[in-house]
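**Student:** Start from the sequences, fold in the hints, and give me the full structure.
Which chain is which? The protein sequence lines are A and B, in order. Position 130, counted from 1, in the first sequence is what the working numbering calls 130; the numbers after and before it change by one each time, with no gaps. Position 95, counted from 1, in the second sequence is what the working numbering calls 95; the numbers after and before it change by one each time, with no gaps.
Incorrect hints may appear among the rest.
For identical chains, the list gives no copy identity; a pair is met inside one copy or between any two copies.
[Said to hold, decoys possible] Distance condition first, Cα-Cα at most 30 Å in a straight line; then the derived DSS-like pairs of lysine-lysine:
| # | residue 1 | residue 2 |
| --- | --- | --- |
| 1 | Lys4 | Lys114 |
| 2 | Lys15 | Lys114 |
| 3 | Lys32 | Lys209 |
| 4 | Lys85 | Lys65 |
| 5 | Lys65 | Lys32 |
| 6 | Lys209 | Lys178 |
| 7 | Lys15 | Lys65 |
| 8 | Lys209 | Lys114 |
| 9 | Lys85 | Lys15 |
Bear in mind the hints are in silico, worked out from the structure with no lab data behind them.
Number of protein chains: 2
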Amino acid sequence: MERKFDEELRDLNEKLLRMATMVEESISLAIKALKERNEDMVQEVLRREEDINLIEIDIDELCMKLLALRQPMASDLRFITSAMKIAAELERMGDQAVNIAERTEELLKYPLLKPLIDIPRMATIAQEMVRDSINAFINHDEKLARAVCERDDEVDNLNDQIFRELLTYMIEDPGTIKRAVNLILIGRHLERIADHATNIGEDVIYLVKGKTIKHHIEEKRGELKG
Amino acid sequence: MERKFDEELRDLNEKLLRMATMVEESISLAIKALKERNEDMVQEVLRREEDINLIEIDIDELCMKLLALRQPMASDLRFITSAMKIAAELERMGDQAVNIAERTEELLKYPLLKPLIDIPRMATIAQEMVRDSINAFINHDEKLARAVCERDDEVDNLNDQIFRELLTYMIEDPGTIKRAVNLILIGRHLERIADHATNIGEDVIYLVKGKTIKHHIEEKRGELKG
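**Tutor:** Right under this line is the structure:
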């Protein structure tokens, strides 16, 4: 029985890793479609959404089964509830990849507005955050998880910069408006991906430390006391 | 022991209801601030974010305690894991209310672009969806939960309509760009709120029926079989 449970936990771990890989690939593909103006890649991202949705349900059902049948305690319990949360974050990242692909599809109807520099840079950071958050989960690496959370501001700042620059484009030349709005939305989708990676980072810290750092609660509770 | 557990479940139920009320109020206040161009209300929404974050953590910790100490089975287990998910959705709605307030703060720097009609309409539907999804949860009302899920398209269509109309404004008069972009983003935030309400609707159906309808899995599995 103990061994069977260990196997089930390993199975859960592997499923989460597979899901993470699928989501990473969708994000990469969506950004590549944008950079290379490739319609086939757009369609490929849209096609893959379904698989990501199905594996999330699969993980969720496995977690419920483990909670019901194994009645896990302490660290196993935290692992299983974290797995449910991480799967939900990954699924939302997959949705954002689809959003980026849909915006790209719009952009392909028009000539390139300007060479893309900041958006690919933002995408690279967001993708690194996704990868690091998953690695932090696999290796129970609290330090890496905290590093992910700290990079969130970097992405937010880049997004603000992109937003302001594109506003300037639109104001100077109304012919750029449709394209600029779509690029602004892509910036926001990337920002959301970074947010989800940050949420996973927080889940990992909780998993390792057994306490929550969500919404900087450590400081807040300190403030209330102090 | 059995009675103590019932009390704890009631406590969890009450906390979720309190959180839902807080989130509904934040959304209403953000929309009221937009409609009435009221800076004080904007600040009030920003102030309330912290309370929503804290009650989510509170609910999460209570759920983990119940899972660990009570080792619940079947419907209690589903209730507790649903509560964790619903709290996470509510917290995200609270974030969207903050986003709307921040966009409103920007809009208050400029004169009114045009009388707001579609955005308040969209807000009303989104708020009804939030309220209905919570009522569906309280009353284990599967029918109401399904009705919430079905309204999601209505909000998406309104959002598309708002997006297209505002694009026209920008193209005709570049002086409207900043305001129009902020209104487009508010439309998207409302769309996200409706998405979160839909997610709660799905959680309620799962809670009541003990099966998932996420991502229309019933049809999908039917297709695979058929």
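**Student:** If a hint holds in the structure, say so; if it doesn't, say that too.
**Tutor:** Hints and how they fare:
no.: 1; hint: Lys4 / Lys114; verdict: neither (56 Å within a copy, 64 Å between copies)
no.: 2; hint: Lys15 / Lys114; verdict: neither (40 Å within a copy, 50 Å between copies)
no.: 3; hint: Lys32 / Lys209; verdict: neither (37 Å within a copy, 41 Å between copies)
no.: 4; hint: Lys85 / Lys65; verdict: both (16 Å within a copy, 17 Å between copies)
no.: 5; hint: Lys65 / Lys32; verdict: neither (38 Å within a copy, 44 Å between copies)
no.: 6; hint: Lys209 / Lys178; verdict: neither (47 Å within a copy, 45 Å between copies)
no.: 7; hint: Lys15 / Lys65; verdict: both (15 Å within a copy, 26 Å between copies)
no.: 8; hint: Lys209 / Lys114; verdict: neither (46 Å within a copy, 52 Å between copies)
no.: 9; hint: Lys85 / Lys15; verdict: both (14 Å within a copy, 20 Å between copies)
Of the numbered hints given earlier, the model fails hints 1, 2, 3, 5, 6 and 8; all others are met.
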